[in-house]
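Peer 1: Here is how the chains run, residue by residue.
Protein chains: 2
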Amino acid sequence: MSTPIPSLENLIDHFAALPGIGRKTASRLAYYVLAMPEVEAKGFAESIVMAHSMVHQCPICHNLTDTEQCGICKNEDRDNSVICVVESPQDVNAFEKTREYKGLYHVLHGLISPIDGITPEQIHIKDLIIRAADDVVEEVIMATNPTVEGESTAIYISKLIKPLGVKVTRLAYGMPVGGNLEHADEVTLYRALTGRSEI
Amino acid sequence: MSTPIPSLENLIDHFAALPGIGRKTASRLAYYVLAMPEVEAKGFAESIVMAHSMVHQCPICHNLTDTEQCGICKNEDRDNSVICVVESPQDVNAFEKTREYKGLYHVLHGLISPIDGITPEQIHIKDLIIRAADDVVEEVIMATNPTVEGESTAIYISKLIKPLGVKVTRLAYGMPVGGNLEHADEVTLYRALTGRSEI
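Protein chains in written order, with numbering that gives the first Met the number 0: chain A, 0 to 198; chain B, 0 to 198.
If you're looking for bench data, these hints aren't it; they were derived computationally from the structure. Do not take every clue at face value.
Since the list can't tell identical chains apart, any single copy or any two copies may satisfy a pair.
Using 25 Å as the maximum straight-line C-alpha spacing, the simulated DSS-like pairs for lysine-lysine come out as follows [to be verified]: (1) Lys158 / Lys23; (2) Lys96 / Lys23; (3) Lys73 / Lys166; (4) Lys125 / Lys166; (5) Lys101 / Lys73; (6) Lys125 / Lys96.
With the hints as constraints, model all of the structure from the sequences given.
Peer 2: Written as structure tokens, this is what we have:
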């Protein structure tokens with residue numbers, strides 16, 4: 000074997016620790032970084048440190064922000080009677096891209112998952128209940144992913160919020176737009192059928 | 000749209016600049032880095048700076064190293080009568096993994112490619128000619144990739160080295176081990192046929 004270069008191995012290890020990056024890709028990325036001009040490599044390193052120190056969770060909705068409160072929570076044009084509950088900050092971006100939703104968000108930063116040892120206390124459910132108890136809130140939309148963990152988290156939270164007299168809704172299930180009936184799984188197709196609407 | 004966070008966007012840009020990393024993957028990696036413990040994120044950033052400052056090219060073979068000369072060039076057990084010419088440091092690792100090759104290497108750091116504006120002067124050909132001119136060198140193995148650029152670079156170099164009285168060889172072409180005749184392209188199959196050997 001070629002003599003290993005510790006600093007290079009260390010860089011490969013760091014890349015390989017990222018999700019979806021295997022050892023071969025990590026090695027390719029590390030060699031690419033080494034071939035960069037020094038100023039670019041330093042810029043990359045600084046961007047990691049900067050982003051990590053600047054970005055934090057909004058104290059209200061737990062979305063990521065670099066200001067005290069996030070842009071959505073402090074925007075007075077948003078409808079504060081609706082809260083959309085999502086798993087991660089990326090989900091907020093997905094909804095914002097539709098440009099249709101004008102309410103607020105609440106980011107759980109995880110889902111209840113006994114198998115992975117994630118209990119309701121470890122995600123931001125308590126804060127959500129406190130927010131939902133505010134008289135101004137009329138509806139909480141459970142927009143967790145349609146997976147086992149997403150479903151059970153949605154049900155768990157809805158049981159806590161309903162007694163507060165707040166309407167709790169769930170995203171519609173059905174065929175994705177542009178989807179193919181032939182490739183749809185049975186559960187999705189069944190849900191699309193039972194949730195059908197008049198045209 | 001959600002208010003953009005400049006430091007996060009900057010981090011995403013840096014990830015997206017890496018080869019094979021699209022915008023969506025870059026975003027996923029950036030969010031993952033933000034969710035890391037601070038010490039881990041700093042470690043990642045430092046590993047980039049460290050690797051970039053420690054690792055440099057060996058003055059003899061241009062392989063990457065963190066010592067003055069690379070481990071292969073300074074290893075006296077290696078056969079210095081053979082030089083294997085490759086495109087990149089990764090190729091050296093690939094050969095070393097076979098544990099069969101005991102000679103030296105020469106890393107070109109690129110291939111001649113007029114389309115991309117890469118001329119023979121921009122890759123380490125001149126150093127290779129000087130090395131090959133040494134009386135101790137008996138064979139130069141052209142191990143560039145079997146692509147158009149790899150082929151033409153191999154031919155270009157062989158024309159410069161042959162007049163020095165040094166044997167120039169090329170890697171064998173043929174079926175990859177474990178390959179499938181049905182899926183082999185015509186050129187590979189033709190080469191496998193013309194290069195056949197008695198059993």
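Peer 1: For every hint, state whether the structure bears it out.
Peer 2: Cross-check of the supplied hints:
For a Cα distance limit of 25 Å, the shortest separation of Lys158 from Lys23 qualifies neither inside one copy, at 46 Å, nor across copies, at 35 Å. For the homomeric pair Lys96 and Lys23, the shortest alpha-carbon distance between copies (14 Å) is at most 25 Å, but the shortest distance inside one copy (34 Å) is not. In the homo-oligomer, the alpha carbons of Lys73 and Lys166 lie at most 25 Å apart inside one protomer (24 Å), although the nearest pairing across protomers, at 74 Å, exceeds that limit. Taking CA atoms no more than 25 Å apart as the test, Lys125 paired with Lys166 passes inside one copy only; the shortest distance there is 18 Å, against 76 Å between copies.
Taking identical chains as interchangeable, the C-alpha atoms of Lys101 and Lys73 lie at most 25 Å apart only when both belong to the same chain, with a minimum of 13 Å there against 67 Å between chains. For a Cα distance limit of 25 Å, the shortest separation of Lys125 from Lys96 qualifies neither inside one copy, at 28 Å, nor across copies, at 54 Å.
Hints 1, 6 from the earlier list are contradicted by this structure; the remaining hints agree with it.
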